[in-house]
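**Q** Each chain, written out:
Number of protein chains: 4
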Amino acid sequence: MSDTYSPRPEHKFSFGLWTVGNRGRDPFGDVVRPTLAPNDAVALLGEIGAWGVNLHDNDLVPIDASPSDRDRIVREFKSACERHHIVVPMATVNLFYDPVFRDGAFTANDPQVRAYAVQKTLRAMDLGAELGAKIFVLWGGREGTETDAARRADEAVKRLREAVNYLCQYSIDRKYGFRFALEAKPNEPRGDIYMATTGNYLGLIPTLQYPDMVGVNPEVAHEQMAGLNFVHAVAQAWEAGKLFHIDLNDQVSGRYDQDFRFGSANPKSAFFLVKFLEDVKYDGPRHFDAHAYRTEDYEGVKQFARGCMRTYLILKEKAVRWNADAEITALVAANGSNAGLPARDALLAQNFDRTAIAATGLNYERLDQLTMEVLLGVR
Amino acid sequence: MSDTYSPRPEHKFSFGLWTVGNRGRDPFGDVVRPTLAPNDAVALLGEIGAWGVNLHDNDLVPIDASPSDRDRIVREFKSACERHHIVVPMATVNLFYDPVFRDGAFTANDPQVRAYAVQKTLRAMDLGAELGAKIFVLWGGREGTETDAARRADEAVKRLREAVNYLCQYSIDRKYGFRFALEAKPNEPRGDIYMATTGNYLGLIPTLQYPDMVGVNPEVAHEQMAGLNFVHAVAQAWEAGKLFHIDLNDQVSGRYDQDFRFGSANPKSAFFLVKFLEDVKYDGPRHFDAHAYRTEDYEGVKQFARGCMRTYLILKEKAVRWNADAEITALVAANGSNAGLPARDALLAQNFDRTAIAATGLNYERLDQLTMEVLLGVR
Amino acid sequence: MSDTYSPRPEHKFSFGLWTVGNRGRDPFGDVVRPTLAPNDAVALLGEIGAWGVNLHDNDLVPIDASPSDRDRIVREFKSACERHHIVVPMATVNLFYDPVFRDGAFTANDPQVRAYAVQKTLRAMDLGAELGAKIFVLWGGREGTETDAARRADEAVKRLREAVNYLCQYSIDRKYGFRFALEAKPNEPRGDIYMATTGNYLGLIPTLQYPDMVGVNPEVAHEQMAGLNFVHAVAQAWEAGKLFHIDLNDQVSGRYDQDFRFGSANPKSAFFLVKFLEDVKYDGPRHFDAHAYRTEDYEGVKQFARGCMRTYLILKEKAVRWNADAEITALVAANGSNAGLPARDALLAQNFDRTAIAATGLNYERLDQLTMEVLLGVR
Amino acid sequence: MSDTYSPRPEHKFSFGLWTVGNRGRDPFGDVVRPTLAPNDAVALLGEIGAWGVNLHDNDLVPIDASPSDRDRIVREFKSACERHHIVVPMATVNLFYDPVFRDGAFTANDPQVRAYAVQKTLRAMDLGAELGAKIFVLWGGREGTETDAARRADEAVKRLREAVNYLCQYSIDRKYGFRFALEAKPNEPRGDIYMATTGNYLGLIPTLQYPDMVGVNPEVAHEQMAGLNFVHAVAQAWEAGKLFHIDLNDQVSGRYDQDFRFGSANPKSAFFLVKFLEDVKYDGPRHFDAHAYRTEDYEGVKQFARGCMRTYLILKEKAVRWNADAEITALVAANGSNAGLPARDALLAQNFDRTAIAATGLNYERLDQLTMEVLLGVR
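Chains as they are written, first to last, in our numbering: chain A, 1356 to 1734; chain B, 1356 to 1734; chain C, 1356 to 1734; chain D, 1356 to 1734.
Treat the hints loosely; a few may be bogus.
Note that identical chains are pooled: a pair holds if it fits in a single copy or bridges any two copies.
Derived DSS-like pairs (lysine-lysine); straight-line CA-CA distance at most 30 Å [unchecked claim]:
no.	residue 1	residue 2
1	Lys1530	Lys1671
2	Lys1513	Lys1657
3	Lys1657	Lys1530
4	Lys1513	Lys1433
5	Lys1489	Lys1367
6	Lys1367	Lys1513
7	Lys1671	Lys1489
8	Lys1671	Lys1513
9	Lys1636	Lys1513
10	Lys1671	Lys1367
Hints listed in this document are in silico derivations from the structure and should not be mistaken for laboratory results.
Note that the coordinates shown come from a computational prediction; the quantities given were computed from them, not determined experimentally.
Just chain A, with the same shape it has in the complex:
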């Protein structure tokens, strides 16, 4: 039974295999849910109305699978995707789980590790391409340190650049057509992770060999862990033409990576995010990189995943309402304008009456209260 808040394919809601398949292991506790086979995850996503599924190489293919096992697994997975009308918009590579990556992957001190990490990524690109993905996400979860005695941080930047250039060349050579989306995170599992924020990656990209092929994949939780305003980071990426993908979830600031259900920690910032994405007509996937509480069974996992999509759609409707609210619109219009700067000599000659300009209130308290009332559904 469908309603306004029911997901449809055009909403482009996707989930990682690792999200609905998360088994609830944490630093202090064991797994609480049985393994969910990838094909069963796809079935679950089909059931709840998702559009796409994303994956790390090893979410689907075990790290030591033989080539024939690998091929069979991929074939069956593609078949499951077709059966459940699920696409694979994005693929990525796991460079963090295996002990070999304990000191990093592309930035590890050991050249063998760096080479292996790149080789593993090339194969993950082969896999992603085979599954039809056009976006390739790189999250360097182990690219960091617990002590800066271990490595000069500028060396890490150089190694990272060398690796990303290598991957771009491979995509070109193989005609995969990938767009790479780099995902920042400030810490965890490393004490500090290089490229701590989306901004750091926006700074790295112009120094790459193929900057046009590379953008960012901002994640709500990762930016909010550092207490940063996520919408501002997304807006800068968007304005630079670099918003290639987005990871939606929720997070309380200054804590471990929580990956909560979208909108469940702070619905106000989630509202501004949805409003921004819809206002600018972002047309990429809305990927939920979150997982269910450890208190849940797979029925709860479905509730979790449904909740992510439903909350997005609730907030989307509120964004429409906000844009249509006459009082809000009037307050915003009274706010100012985008008029450009005067020419230099005119500007230098101008006299400004600072006191007069500063005398009138800007009505932002009212504007924000109205926003809250739209959000809370009482307006």
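Go by the hints and put chains B, C and D onto chain A.
**A** Relative to chain A, chains B, C and D alone:
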């Protein structure tokens, strides 16, 4: 009486007028120290052995000064600088104190405010050039929001770009030869400030009209407020050729802007910072953007300022010692190397023994403990 | 024109003189609003429908007022309160603004400062009693350090205890009938403030001479600055019979003290707070210790103050709705019960089937999603 | 070969089995070190010069061990302890790893879980008593929520109190003589953990049935996760006679639980902590609740553990040096005194010259700089 830790001009230690002149006002309390006239601040800096002084326009010239007053003030200030052998390596503009900037300066919604902000900056550039400064810092303290209802964040980026382009053009036209250093901060005094981290500015710069003229001015406290590893941000900026200036102080994470004496909150991260700057032979100013505790009189202010420089020099000596320590050197050498990646086909054909690679410990606990012992002076 | 969300006296909404009278000064900027005389603040509060006003001694009476000036000011203020039907439920003392308190008040190292702080508080108690206040709040904003070299932290605890005991004795002697409410804060304006959380004060109170006279005044922003769950702190205080007062506002974690409009930073935690206060029938004042954005004039200040109350009432209605929601009620009922523990020997003999107990999901994702939908007004 | 910084039994350095036995599993990665059998851990601790070992029940005895297996394991462990001259000063219980505790233990909604948690703790107390432990630590890692819809927070307090009372009664009945040490943590693995700070437990204890039997076990990392000053919390606990145990490690604020080597993240706060413990002659165990980086093998684990003890002893020597430094001593003496407050009438009659009192600086910048120089070994 001089010793190893006494400041000398070649150390390029500079202080802002607003740092030694800070009067101890805070959100909950009144000023505790009398006004320190700019020329007296210069004398104080001369007395304690500093090399340079930096200033916002209104640190020296009152916002409503007449042209003739302005000229007299500048003349006397230059004379004081000469008398005390103090240079002015950097100038900046105050776009945050006056109520006119309560909603931003370059990004304010009111086009009048944006125009006034740019005009004020042009005049601050005139002032800086007259004083011999070659670096112009831009810190947009009011460029932000308390509610994102007030402004689309991508509009703010566009307005900021327009303003910086305008300033670059002016420097070119006037042949001032300025290099602009953009200074990020995540919040305070605004709820959220745009361009929250040094990374965000590194991302903005390549989108400017004159990217070569523009770099960053990372500040310890600003990056650490967000809990980010400052050395990593500095290293990325350095590697990109964008470390045009640096603001040294200290800060406990997740708090109000504390601007503590350099090295006094976390000597370990200060050590890695000094080591990085010295290892790469950064030759710009070491600017202390800090201030004395509110418990101090001007004798305490001198102690504070002396402590900033002395701690830098102590840590610099420890960096030399670290680099020369045979056990440390051996551990670092055993760590790995910068060997490049194999060519593609060779790489794809390679077999890696993950288990073998991951079997040996990396001795980072030992390396870090040795670092601590160098730092604590017991090695 | 009244509606469901209009404030009424029985809601016990109060504001500090310093909240609606906040002039927008911050560490980087000047005041933006003219002084609001206390009697005008009372008129403003009457106009917007508040019930009570609270004050620090010097919010009303200048620190150097003569006795006759003091008496006249108090007389006129009482008259204004009567005229506008505003009560004074709580009084407090300013031990943070004057430079004399730069190193603390009750915990300062200088015995003269400690004595003066207590004397000032006794007089503030006289004032509060004269105005009819029955709650006396103590916020030790300067009781802390920038360096722990300055004072042994256990000495600070002893000094604090001595002072509070002294004040209790005075209230008894003068038959003022005060209940003291101690207000914690982790930092700002000091680097670290002693008694950082509400919990620390709950730990101090049982060690006092008159523990029954002393409770706590938790503040949303102060607990959230440290990233703590405010509802948990309030619940512990309530359960211990120590919730003597409460300060409502909002705050993003890990930042400077923001004192935002109630519910405007995180409506979800505000919802759980209101629900708790209403569920347990807390009948003390709902005090808003917040202030308007610096972008506002006094029209905006009114909007701000109205918004605080209105949001409280919106959330109160949602709490009623949540409690009445059949699906929510069923999920909560299925959650478990308050059954006591078995007697020891029975317990030791019992066999538990851990696997069976852990097999069923707890439906907290569903429960939380329903909560969000009540909050967002779509249920 | 022994030196000043070599551990000796009188230093009372202890490690948990789970600390040196930590295998490096984290939320994003697999174990990196093989299992270290408890008896081998004891041998390792003997080798590096530790005094004691602590344990959760299941660190030693598997959760499903038969009684006879349990007895054999315990017997062999005691023998290993004797062989290596290691004592067991503290025991605790694991109420967080098994899925049965996914919604809490003492505070779980399911009465069966609460009962099982208490039963498991009684047996862990039997085990601890058998091993000679006199301190029993309770860390309620799962006592919390991801959504406050799940449970009223005051109910959690009541359940916690019931459980602790039950355990105290059991210790009395069995004549175990345990002192219980309650360990706070703000979050992780739960979204929010009840009793977030040491202060919260200091507030709970006076409401228990046997308050004298119960104290606290503050942990550096847990208090610093919330950005709180750890020394202040320890000092309050000490002053209240409640410092029954302490967990030493290190942690960067506002992050996941890092459990770094003692003193390695912030040596300055570690210095003030060691100085406090030594100044007040704390004579309980110095327990290191930390673990080696994931980059290490067991040689690195030993380096890690040695580093914890060595850094403690280095800082202890610096505390002696600080106390003996004539300039420091003079500055502290000039600081003020512990003189008590004047009697009421005398106090009310006193005139204070605020301006004069506030005119002189307090030399805290100098005092802190000298502290840094002692810490850095250049004084």
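**Q** Against this structure, judge whether each hint is valid.
**A** These are the hints, each one checked on the structure:
Taking identical chains as interchangeable, the C-alpha atoms of Lys1530 and Lys1671 are never at most 30 Å apart, the minima being 36 Å within one chain and 51 Å between chains. In this homomeric assembly, Lys1513 and Lys1657 never come within 30 Å of each other (Cα to Cα): the closest approach is 42 Å inside a single copy and 33 Å across copies. For a Cα distance limit of 30 Å, the shortest separation of Lys1657 from Lys1530 qualifies neither inside one copy, at 37 Å, nor across copies, at 50 Å. Within a single copy, Lys1513 and Lys1433 get their C-alpha atoms no closer than 37 Å, and across copies no closer than 43 Å, so neither meets the 30 Å cut-off.
Taking the shortest Cα distances, Lys1489 and Lys1367 sit within 30 Å of each other inside one copy (14 Å), while across copies they are farther apart (51 Å). In this assembly of identical chains, the alpha carbons of Lys1367 and Lys1513 lie at most 30 Å apart only when taken from different copies (29 Å versus 35 Å within one copy). In this homomeric assembly, Lys1671 and Lys1489 come within 30 Å of each other (Cα to Cα) only inside a single copy, at 26 Å, whereas the closest approach across copies is 48 Å. Taking the closest pair of Cα atoms, Lys1671 and Lys1513 come within 30 Å of each other only across two copies (25 Å); inside a single copy the shortest separation is 41 Å, beyond that limit.
For a Cα distance limit of 30 Å, the shortest separation of Lys1636 from Lys1513 across copies, 18 Å, qualifies, whereas the shortest one inside one copy, 35 Å, does not. Proximity of Lys1671 and Lys1367 under a CA criterion of 30 Å is satisfied intra-copy only: 14 Å inside one chain copy versus 36 Å between copies.
Of the hints listed earlier, those the structure fails to meet are numbers 1, 2, 3 and 4, in rising order.
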